[in-house]
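Q: Sequence:
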Amino acid sequence: MTSERVTSTQLEISAAHVCYNIPHTLMAVVDHSGTISTWQRDGQSREWIPGPAWTSGGLAINCICWAPPEFGNILCTGTGQGTVLVWAQTSYGQWEKRAHIPASTHAALDACFAPRQMGPIVSIAFSDGSVKLFIAASSLNAVSWDPHSEFQLDRDAKACTSVSWREFDPALPPLLAIGSAGGGGCGEVWMFREQLLRWEQVQQLKSSSPDMDDDGSNNNQGGISAVAWAPRLGRPYDLIAVASGHRVTLWSLTGAVDALEVKRVAVLDHDHDVWQLGWNMLGNWLAASTDGGEVCMWRPDLAGEWLQKNLIISRK
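If you use my numbering, the sequence shown corresponds to residues 60 to 375, in order.
Hints in this document: simulated from the structure, not taken from any laboratory. Careful, some of the hints might be misleading.
[To be verified] Cβ pair distances, simulated, as ranges:
1. Leu118 with Asp350: 19 to 27 Å
2. Lys368 with Pro229: 32 to 40 Å
3. Arg374 with Ala230: 41 to 49 Å
From the three backbone atoms N, C-alpha and C, an ideal C-beta is built for every residue, glycine too.
Generate coordinates for the entire structure from the input sequences, incorporating the hints supplied.
A: Here it is as C-alpha cells:
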C-alpha cells in the first residue's frame, strides 16, 4: 500500500449517482430525490466548489453522464420512466433543459457519450436489454436529437446494466462494451457496421471459473454492475474491466475486430460488491467503488500482476 493525499469535500446531500467530465474539472451529483447539483474543482486547492443545482421535475434519475467538452457543458440523464433528459449550461452559468427524449417505456440504467470524433452521440442502456443511441442534429446545440441506431441483447440478458465506449480509432469501427443482468450476466463487445447501419456482437467476456466462490457457489447471480473500457495509449492490446458482485475481472482483447481473441488477465477481489469502475487517462490505474463505502485503487506491477495500491474509506 502507498499513501496518497486525498481531497475530501463534504456533500450536503446523499449522492445516488456521480460523474465527472473528461478533464475531471466538473462533477455532477444526483441525489435520491432527483436533484442534480454541479461542482467545479478549484485549480489551486483542488477542492470542489458547489455550483448550480436544479430538480428533475419529479422524475427518478437512474444515470447521468457528461458530453465531451468540445460540445459545451452538457449533461445527459436517463430516468426510471425511460425518458432521456438533456441539460446544457447557458452563457450566464445556469442550467436549462434542452431536450426531452421519449426513448423507451423501460427504465434507463446507464448512459455514456461516444468519443468526440464520432460527434454528439449518446448511448443509453435500458432494463429490457436494449441499447439505444441518439445523435444531436447540431453539435452547436443540444435541442434536437434523432435516433442513431439500436440493438437488443439476448433474451437471457434481461437487462442491459452498463455501457462503455472504446476510444476512437480511425482504423476501427465503433466498439461498445456492454454489461448485462440475468442468466448469470456477462460482458459483451459489440461492433457497429457502418455499411449496414447495424450493431453486431463480436465477443463475450464470460468464464465460469472467476464466478465461483471458494465453496463452489456462483457469485455472479446478480449480473454485471459495471464495465469500463480502458484507454489504450500504446498498449498492444485492449483492456476491459467487468464488475460482478465483489469481483472485477480484467480482460485483454487482441486481433482483428471480426476475430477478437479474449484472455482473462486478472480477477480482483473486494470485500464488498463493486458498483462503479473508472480508469485514469493512461489506462494503468483502475478505481473500483464498493457498497462498503470504499474506493479500491488497482495498478499492475512491473511483472504485470495487478495489486491494490490504495484504499480510500469514506467518512461515516
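Q: Run every hint past the structure and note whether it holds.
A: So, going through the hints one by one against the coordinates:
1. Leu118 with Asp350: 19 to 27 Å: Holds: the Cβ-Cβ distance is about 25 Å, inside 19 to 27 Å.
2. Lys368 with Pro229: 32 to 40 Å: Since the Cβ atoms of Lys368 and Pro229 sit about 34 Å apart, the hinted range of 32 to 40 Å holds.
3. Arg374 with Ala230: 41 to 49 Å: Distance hint for Arg374, Ala230 holds at roughly 47 Å.
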